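So the protein lines, in turn, are chains A and B. For the first sequence, position 442 (counting from the first letter as 1) is numbered 457 according to the working numbering, and the numbering increases by one without interruption. For the second sequence, position 14 (counting from the first letter as 1) is numbered 976 according to the working numbering, and the numbering increases by one without interruption.
Derived by calculation from the structure, the hints in this document are not laboratory data. Check each hint, because a few of them may be wrong.
[Claimed, not checked] Simulated DEER-style distance windows between Cβ atoms:
1. TRP1054/B x GLU341/A: 34 to 40 Å
2. VAL495/A x ARG1096/B: 50 to 56 Å
3. PHE1061/B x ALA273/A: 39 to 45 Å
4. LEU1047/B x VAL25/A: 33 to 39 Å
5. ARG1096/B x ALA21/A: 53 to 59 Å
6. ARG1096/B x ASN509/A: 54 to 60 Å
7. SER1053/B x VAL495/A: 40 to 46 Å
8. HIS408/A x PHE1061/B: 42 to 48 Å
9. VAL495/A x TRP1054/B: 42 to 48 Å
Bear in mind the structure is a predicted one, so any value in this text is a computation, not a measurement. Even for Gly, the Cβ is constructed at its ideal location relative to N, Cα and C.
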Amino acid sequence: MTAAQAGVLVAALVVSVGIGLLARVRSTRTALDFHLAGRQTGVLLNAFAICGDYVSAASFLGVAAAVYAAGLDGAWYATGFAAGFIPVLLFIATPLRRFGERSIPDFLGRRYRSEGVRLLAVVIVELIILAYLVPQAVASGIAWELLSNASLPGLSAYATGIVLSTSFTAFLVLVGGMRGTTWNQALQFAVLLAVLIWLTLMLVAEGFSYAETLTDVEAQTLATPVVNDDGSEQLITVESRLEGGDATFGLPGARYGAVGHFALVFTLMAGTAGLPHVMNRFFTSPTGRAARMTTVWVVGLVGVFYTLAVMLGAAARLEISRRADELDWLAELSVDGVLRVPEHALLSLGRLYGGQLGLSVVTTGALLAIISTIGGLLLAASASWGHDIYERHINPHASRAQALRAGQVSVAVVALIASVLALLLDPARITIGTPSLVASLVTMAFALAGSTLTPAMILGIWWKRSTAPAIILGMATGLVLALAALTWSLADPNAPETLQTPVVAVGPLVSAIIVVVSLKTKPVADVDEIWLKLHGSASDRGAERLTQATLETTR
Amino acid sequence: MDLNKPASTSEIEPCIDSGIALGGQLYARIGDQLHDMDLFSEADGYASFHDADTAAEVDAAFRSQRRIAIGYFVVFLAGVLGVALGTVFSSWATEGRVFGGFSPSFLMTGVGLYVFFLAVGAAAASLANGVDDRMLGASSIPPPKQPSRPRQTGSRATRSPTTKSPTTKSSTMGREDGR
Chain A
16 MTAAQAGVLV AALVVSVGIG LLARVRSTRT ALDFHLAGRQ TGVLLNAFAI
66 CGDYVSAASF LGVAAAVYAA GLDGAWYATG FAAGFIPVLL FIATPLRRFG
116 ERSIPDFLGR RYRSEGVRLL AVVIVELIIL AYLVPQAVAS GIAWELLSNA
166 SLPGLSAYAT GIVLSTSFTA FLVLVGGMRG TTWNQALQFA VLLAVLIWLT
216 LMLVAEGFSY AETLTDVEAQ TLATPVVNDD GSEQLITVES RLEGGDATFG
266 LPGARYGAVG HFALVFTLMA GTAGLPHVMN RFFTSPTGRA ARMTTVWVVG
316 LVGVFYTLAV MLGAAARLEI SRRADELDWL AELSVDGVLR VPEHALLSLG
366 RLYGGQLGLS VVTTGALLAI ISTIGGLLLA ASASWGHDIY ERHINPHASR
416 AQALRAGQVS VAVVALIASV LALLLDPARI TIGTPSLVAS LVTMAFALAG
466 STLTPAMILG IWWKRSTAPA IILGMATGLV LALAALTWSL ADPNAPETLQ
516 TPVVAVGPLV SAIIVVVSLK TKPVADVDEI WLKLHGSASD RGAERLTQAT
566 LETTR
Chain B
963 MDLNKPASTS EIEPCIDSGI ALGGQLYARI GDQLHDMDLF SEADGYASFH
1013 DADTAAEVDA AFRSQRRIAI GYFVVFLAGV LGVALGTVFS SWATEGRVFG
1063 GFSPSFLMTG VGLYVFFLAV GAAAASLANG VDDRMLGASS IPPPKQPSRP
1113 RQTGSRATRS PTTKSPTTKS STMGREDGR
């Protein structure tokens, strides 16, 4: 690691710690502060924070990697990620906030007046969080390995990256709680966006033209490096899953057939609404209307982000193949001009256009993306364990300090579990036929969420007749089917492509189960009261009036 | 700003957004304190701090919001599926050239769909906010009068107090975390 690289990284980390410390005075007073920042996060701040939470390594490194490796099929990853916020905006954000609560299990438990629903939701939330956390940790290992070969005693550089990123983030979360994490996530997303804009400007300064680049790369045959038995490496061309023959950058089929294409988009779209770390952020909005407008901003911001990420993935395809022969460091990372690890695409682009400083800027951006997402995930895990399990079941009479401590302990435990799981994975050894390992692992979290929590939440918000037994049966069925499909897809490289994105089949089935069982069971007695909270705006008006009164008083 | 001069609408409105956050904070803090002091039981919640909607108002608003949500979702789905179907089944979408060299499919996947998402989201949110303003809160208790202050403009501030109809408190359910 050069002095410039170390300087950029240390500066970013010092700012993050500073924000956490500044927030500490107010953020850890109560469990409500720790988990939800006192429900006072403004629209724009929350929108940036949600983007920081959502734009993980899978988006920052993974989308460009997916485009680099799979061309047009890779671009659909970004579309699916961005599309997910429209159902959130239309169906979930405002009622979810108006109902209040602290977490998805808390929301579902109170909506259905069922501790069974709450407990099952906690299990699902924790599985989703782990499925999302592990790829973040894997990505931190990849980024650290590329940035520096420095390692802790007894650990590889990859393992060092994992241990440092998860322990640092856990420390940040413990220090700053939700308020500190909010400011950190917002700032980190601003940095990520700035990094992409900077890379774009560097490209443009060198005469880059998006349209011309696409014209140049669209006919390129896609190929993947493989290691032979004798240790030598060669490129294997990717076969098109749509029309047979060689897959090319500009045509669909490199990764998905016709059904797989829709299954991917549907899974990412439906899964977003069930991601606990993202949905928890809506509880920090002061009102339902603020949550709605926050989502509109999020749609715009992620749109800009993914537009740039897709473009840079295409640029990397052209530039890396052109210059791999000229540059030793690039030749080391690639086989005949194709990167061994597609996640190196954006990082390589940074070094191509900014030298060591450019690499350190992009790597620091990647680490910030990872840290911000890990932070949100740890807080979501903490809210579920601390509030839904500890406060509700283990110690219902917990004092503030005890509840806060329970949340903090769960942050440390979940960080430890995620680190251990990530250490067991090594991206260099794992090939699951994916355009991007990180993006594919994250897709599994979306698959779990879309198969379980999303149908339960949408029906709970929009259908009075839905009942607790139906939700339990539906979510349990969705969980079992999604886990079975994902396990099969991991175990068998020749498994049908849709097994990695099962929501397109499991989601409607779960919804049908919920509807049928609901019609045969009784809804909660006070569903009309629940409806007033979900769809009335009284609490919004209360907050707005208090605001006006406050403004009047302070003027 | 001259503090003795009545504030104009343009001066006030920029404050509202940050003010909402401030209000939310106070709202949560006060509720939290009261909860800790056991002045309200969990069943009572913070009823005193809540406005109220009638069941009929909420039901009507809910139906309108559902129509908006489903309607815009259909538009959104049609857009996404249209581009996806075009990508998979239309050779023009992947081999044609527009705007200096983009294939229509890459142009839509890489740029166009994000613009479409924002347009759909902004339009739906605007309509949903309008429904909230028009259909909810008509039976609310008006805020205390501030005789020495000019009234703000805007749908909420200018809504005339209407005859009170029987209301159902929206806060009789358990509240334990100041929302």
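Hints versus structure:
1. TRP1054/B x GLU341/A: 34 to 40 Å: holds (38 Å)
2. VAL495/A x ARG1096/B: 50 to 56 Å: 45 Å Cβ-Cβ, so the 50 to 56 Å window is violated.
3. PHE1061/B x ALA273/A: 39 to 45 Å: Given about 27 Å between the Cβ atoms, the range is violated.
4. LEU1047/B x VAL25/A: 33 to 39 Å: violated (50 Å)
5. ARG1096/B x ALA21/A: 53 to 59 Å: holds (58 Å)
6. ARG1096/B x ASN509/A: 54 to 60 Å: About 57 Å separates the Cβ atoms of ARG1096/B and ASN509/A, which means 54 to 60 Å holds.
7. SER1053/B x VAL495/A: 40 to 46 Å: holds (41 Å)
8. HIS408/A x PHE1061/B: 42 to 48 Å: violated (58 Å)
9. VAL495/A x TRP1054/B: 42 to 48 Å: The hinted range 42 to 48 Å holds for VAL495/A and TRP1054/B, with Cβ atoms some 43 Å apart.
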